[in-house]
Amino acid sequence: MNKRAELQSMIELHEPDVIAITEVKPKRSRYDVQECEIAVEGFELFHNMEKEGRGIALYVKTSMKPALCEHLNSDFQEAIFVECQPESGDVLRIGLVYRSPNSSLDNATKLNELLMKAVEDKPEHLLILGDFNYPQIDWNQEISTVGQNHPASQFLRTYKDAFLTQHQRGCTRFRVGQEPSLVDLVLSNREDIVQEVSTLAGLGKSDHVTLNVKLAWFRKDSEGTERPNYSKADFAAINEYLKKVNWENEFSNLSVDDTWKKLRERIQTAVERHVPVTRFSGRSTKKWMDKGTLRTVRKKHKLFRKWLESRDGKVYQEYCKVRNQARRACRKAQRLLEQTVAKQAKRNPKAFWSYVKNKTKTKTGIADLKKEDGTKTTSDQEKAEVLNAFFKSVFTAEADGDLPDPPEYNFTSELRDFEVTSEKVKKLLEGLQAGKAPGPDGLSPLLLSKAADALAEPVAMLFRKSLDEGRIPEEWRHARVTPIFKKGSKLSANNYRPVSLTCILCKVMETLVREQLIKHLQENDLITDKQHGFVQGRSCVTQLLDVLDTWTQILDEGGTVDAVYMDFKKAFDSVPHRRLVLKTEAHGIGGRILAWIADFLSERRQCVVVNGVQSSEAEVTSGIPQGSVLGPMLFVLYINDLPNVVANHVRIFADDTKVYTRSDVEGAPQTLQKDLDSLQDWSQQWLMNFHPEKCHVLKLGNKRSEAIYYMTGTDASGEACSIALEESDFEKDLGVYVDNNLSFNKHVALSAAKANRVMGVIRRSFDYLTVEVFLQLYKSLVRPILEYGHAVWQPQHKTLCQEVERVQRRATKLISSLKDKPYSERLATLKLPCLVHRRKRGDMIEVYKYLHGFYKTERPQFSFFAGRDTRGSTLKLSKPRYRLNVRGNFFSERVVNTWNSLPDQVVTAPSVNALKARLDAHWKDLPSVFDPECY
Numbered sequence: 001m002n003k004r005a006e007l008q009s010m011i012e013l014h015e016p017d018v019i020a021i022t023e024v025k026p027k028r029s030r031y032d033v034q035e036c037e038i039a040v041e042g043f044e045l046f047h048n049m050e051k052e053g054r055g056i057a058l059y060v061k062t063s064m065k066p067a068l069c070e071h072l073n074s075d076f077q078e079a080i081f082v083e084c085q086p087e088s089g090d091v092l093r094i095g096l097v098y099r100s101p102n103s104s105l106d107n108a109t110k111l112n113e114l115l116m117k118a119v120e121d122k123p124e125h126l127l128i129l130g131d132f133n134y135p136q137i138d139w140n141q142e143i144s145t146v147g148q149n150h151p152a153s154q155f156l157r158t159y160k161d162a163f164l165t166q167h168q169r170g171c172t173r174f175r176v177g178q179e180p181s182l183v184d185l186v187l188s189n190r191e192d193i194v195q196e197v198s199t200l201a202g203l204g205k206s207d208h209v210t211l212n213v214k215l216a217w218f219r220k221d222s223e224g225t226e227r228p229n230y231s232k233a234d235f236a237a238i239n240e241y242l243k244k245v246n247w248e249n250e251f252s253n254l255s256v257d258d259t260w261k262k263l264r265e266r267i268q269t270a271v272e273r274h275v276p277v278t279r280f281s282g283r284s285t286k287k288w289m290d291k292g293t294l295r296t297v298r299k300k301h302k303l304f305r306k307w308l309e310s311r312d313g314k315v316y317q318e319y320c321k322v323r324n325q326a327r328r329a330c331r332k333a334q335r336l337l338e339q340t341v342a343k344q345a346k347r348n349p350k351a352f353w354s355y356v357k358n359k360t361k362t363k364t365g366i367a368d369l370k371k372e373d374g375t376k377t378t379s380d381q382e383k384a385e386v387l388n389a390f391f392k393s394v395f396t397a398e399a400d401g402d403l404p405d406p407p408e409y410n411f412t413s414e415l416r417d418f419e420v421t422s423e424k425v426k427k428l429l430e431g432l433q434a435g436k437a438p439g440p441d442g443l444s445p446l447l448l449s450k451a452a453d454a455l456a457e458p459v460a461m462l463f464r465k466s467l468d469e470g471r472i473p474e475e476w477r478h479a480r481v482t483p484i485f486k487k488g489s490k491l492s493a494n495n496y497r498p499v500s501l502t503c504i505l506c507k508v509m510e511t512l513v514r515e516q517l518i519k520h521l522q523e524n525d526l527i528t529d530k531q532h533g534f535v536q537g538r539s540c541v542t543q544l545l546d547v548l549d550t551w552t553q554i555l556d557e558g559g560t561v562d563a564v565y566m567d568f569k570k571a572f573d574s575v576p577h578r579r580l581v582l583k584t585e586a587h588g589i590g591g592r593i594l595a596w597i598a599d600f601l602s603e604r605r606q607c608v609v610v611n612g613v614q615s616s617e618a619e620v621t622s623g624i625p626q627g628s629v630l631g632p633m634l635f636v637l638y639i640n641d642l643p644n645v646v647a648n649h650v651r652i653f654a655d656d657t658k659v660y661t662r663s664d665v666e667g668a669p670q671t672l673q674k675d676l677d678s679l680q681d682w683s684q685q686w687l688m689n690f691h692p693e694k695c696h697v698l699k700l701g702n703k704r705s706e707a708i709y710y711m712t713g714t715d716a717s718g719e720a721c722s723i724a725l726e727e728s729d730f731e732k733d734l735g736v737y738v739d740n741n742l743s744f745n746k747h748v749a750l751s752a753a754k755a756n757r758v759m760g761v762i763r764r765s766f767d768y769l770t771v772e773v774f775l776q777l778y779k780s781l782v783r784p785i786l787e788y789g790h791a792v793w794q795p796q797h798k799t800l801c802q803e804v805e806r807v808q809r810r811a812t813k814l815i816s817s818l819k820d821k822p823y824s825e826r827l828a829t830l831k832l833p834c835l836v837h838r839r840k841r842g843d844m845i846e847v848y849k850y851l852h853g854f855y856k857t858e859r860p861q862f863s864f865f866a867g868r869d870t871r872g873s874t875l876k877l878s879k880p881r882y883r884l885n886v887r888g889n890f891f892s893e894r895v896v897n898t899w900n901s902l903p904d905q906v907v908t909a910p911s912v913n914a915l916k917a918r919l920d921a922h923w924k925d926l927p928s929v930f931d932p933e934c935y
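All residue numbers for the sequence shown refer to our numbering, where the first residue is 1 and numbers rise by one.
In case anyone wonders, no lab produced these hints; they're calculated from the structure.
As the structure is a computational prediction, the values presented were derived from the model and not from experiment.
The reader is advised that the hints may include incorrect statements.
Derived DEER-like restraints, expressed as beta-carbon distance ranges [said to hold, decoys possible]: (1) K856 <-> R347: 22 to 32 Å; (2) S678 <-> I484: 25 to 35 Å; (3) Q536 <-> Q685: 28 to 38 Å; (4) L403 <-> V197: 46 to 56 Å; (5) H852 <-> S74: 13 to 23 Å.
A virtual CB, placed ideally from N, CA and C, is assigned to each residue, including glycine.
All chains, full assembly: derive it from the sequences and hints.
The structure is reproduced here in C-alpha cells:
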C-alpha cells in the first residue's frame, strides 16, 4: 500500500499519460495481487496478474482511448501491447515487457519474435518500455560484450532488424555490491518521438530507477498562411514586365539602399500581378494527391451519399466502379510520388525528409527550454526570447583602442576590386536552388531563378553600386535565425546553434566576393598547409589520413603519441569584427572589397524564429553569420596564423584544432605544454577563447606517457585557475570516432546504428518499395553513412566487417521478392556490390587522387617502385616495411598490393570517372564483388 501511495504522489507531481510498471508481484508472496489493489483512478489498467511470472501493469489515461492489441498476444507471457487513439488522430502503440534475468533461451527467442511482430505492420508510432535484463549490451555503441550466440547478442540483432531506437543511455539499476547496469529500456520506431528521458528515484525500495519519458507529442495543425503560389506563376509575363523597366532611369542618383528598395518594389509588383495567392493550410496533406485523383475520390464520396439516400442497386454498382477507380488512382499517384522522391534523394535530400515529415504528426520542434530562474518556457515566444538571449550572450565585446599587430603574409599582388558582369550574375541566379527558403525580404529563389534573364542587369547594377559605395542595403544586415539542436539535453539553450537566414541576393553577392578571395589566396599560396577546411584539394578525409599516417608510423617505431583536441567557445559567433578586418587586410585584400566586407560585418541584427514566432531583435556585435556564403572563408582567414605559434604538429579544419607530438622523446610533453600556453596567448590576443573543460587528451602507444597537460580556465567564482585536461579513450574527429587503440570499433558501431535508423525511416515511410526506389534511396541516404571516411577507419577484423555488412544485408531484405534468397544472390540481382568490395574500390580511387595530384597534402606520401619489374603497370608503388598491424592496416600500406595488381590502362585513366569505369570492368567477373565471404 505504501507503493500505491507513492505512485499516487508521483502521478500528482508529474501528471503522466501512461504508467508502466514491471515486477508488480512481490517475491515469494502467499497472496495473489487483485486488480482492485493496483487500480488507479482516471487510468485504464492492462495487466497479466492471472499469469505466472512477476507481473506487469500498464496504466493509460482513459482520454487516450486505449485498446488491447489482440493480434500481439504471444507465448511470451510478460508483455502487453496497447493502442491509443488521441484526439490528433495518430495511433500510438505502447508495449510493456519484462524478461526475467533467469529467462530461458526459448523464452528469449519468443521475445525476439514478438518484437518483430510488433513492427511488422509498420505502426505509425511505437513505444516499447520495460525491464529486458540485458546488461551485456553497450547501448552507447549498440554492441554486445558477449558472444554472437548469447541471447543478448540475438536480442541486439533483432532490435536492429526491427529498425528500433533505444533512448535511455544511463544506468537504471543500482544494487549494493554490484556494477550499475542499464537493463530498463525505452524503445521506439521513430528517433524523434522521444523528446527526453530523465531518471527519478525508484518506487519503494526498488533498486531500479524510475524513467520519466517525455514524448514529442503530436503537433496540432496550424491555421495556415496566405502566400504566393509560384507553382501557378506566369513567369513569362514576369520576365516581360521586368524587361520593360528602364533600370538606368529607375536607379539614377539613388543610394545603394534606395536602389535595393526600388528593385524589390518592382519585383514585388510583378509578383502581385502574375503570381496567385493561395492559402497554404497547416494541415498535413497527402502530397501525392493530384487533381485527377482528388476528383475521383470526391466522386466516390458523392455516389456513396447518393446510394445511402436511394438504396438503388444501380447507384451502388456505379459507386463500386468509381470506388475501385479511386483506389487504383490513389495507389498510382502515391507510387509516382515515392518514385519522384527517391529519384531526387541524392540531389535534393530535403525533399525526402519533407516527405517523411509529412507522413507523421510528431512534434519535433524546440523543446520546453529552461529559463534562468529554473522554470520552463510555456510558449514559442518565450522559447525564441530565451534562445535569442543565449545567442546574444556569446558575442565578443571588442573594446575600442589599439589592435594587435597583424601577421605578415607574402603576396605578389593585392585584391582591391573586381568587375561585376550581368552574364556572371545571370549564371548565379539561374543556379539558385528553387527549394530553398526565401530570406527576410520574401524573395523566393525560384522566382529569382526563373526571372534571371530579366533581373541579371538590374541586380548587377545593384551589386556594382554596393561595391562602389562599400555598403550593403540595410535589409541585408537583418538575419532570421533558426536554432538547430546539436547534442545533449534539448532543454538547454546552450545545446542549440544558430543558422542565419539572410536575403538571397545578398548571398549571390557574397558568392561573387568569395570567388575573388579564393582566387587571390590560391594564386598567392596564402592559406597554411595545416588548414584542410574550405580549401581546394583538402578535406576531412585528407586531414585524417595525414594525421594517422604520422601516428601509425610513430607507433610502428615503438613510440607513443599525445594529441590534444582543442575546443573553441562558440568559435564562429565570437570572431571580433575589427580584428577580422585587420587580418583580412593582412592577406592583401584592400580597396573596395575590404570596405564592402567591413560593412557586411557591421551593424548586423538578428531575431530567432520558433514555429513562425519571432523574438525581439538583437544587435550582432561579433561573429560570422552561420549559413552565409562568405562566412567560412572569412573564418579561415582569421585562424590562418594559428599554426605559426605551435612548435609541434598541428592540424585544423575550420575551428577544429588538434596539436600532437611524439611523447616518448625527451622533453616532448614540456614542448606540447608550451604549445598549449602559446595557443592560449594567441586566443587572448585575438579574442577566441578555448573551452578547457572540453579540450581532451588522446594518448596512443603501448607505454603511454603519464604527462598531464593544463590550460587556464575559471572556477565557480569566476577566478582564473589552472585546469588539468581530461584524458579520453576516444574523440570524434571530423565525423570519425578515433579511439586510443586505433581500432575504430566505436566508429563502426555508431555508423552502422545511424545507417540502420535511416533505413528504418525508409521502411516506415515508403509503401511501394520497389527495386528501383530502394536502390535510389539506399545509395543516396544509407550507403554514404557506411562509407564516409572509409579510407581512414576501414575495419580489418572480420567481426567489424560483418557489423557494417549487416546493415546492407538487412536493407536488401526489405525487397519482398528477394528476402528469402541468399545475401550474395540478392546483391547480384540488385547489382549492388558488397561493402567490402566497395571499400576496396574506394581505396583505389583515393590512391589515384593522391598520385595524380587531386589532393594537396603533406602526407601520406607514396613512392614508386624503383626496380625493373613493371609488368602490369607503369605506376607500381614500393611496398614499405612495417612492424605492427596498426601500421600495416593503415591506408598507405594496405593499398599497395591491390594497386600494383591493376593493369596500366586502369591506373593511367585520364579522369576519376574513367578510373571508376575501367576498375569496375576489370573486376566485374570476380566472385568477391557480390560475396563478402570471398575476402
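Hint-by-hint comparison with the structure:
no., hint, in the structure
1, K856 <-> R347: 22 to 32 Å, "holds, 28 Å"
2, S678 <-> I484: 25 to 35 Å, "holds, 33 Å"
3, Q536 <-> Q685: 28 to 38 Å, "holds, 30 Å"
4, L403 <-> V197: 46 to 56 Å, "holds, 49 Å"
5, H852 <-> S74: 13 to 23 Å, "violated, 60 Å"
In summary, the structure is inconsistent with hint 5 from the numbered list given earlier, while agreeing with all the others.
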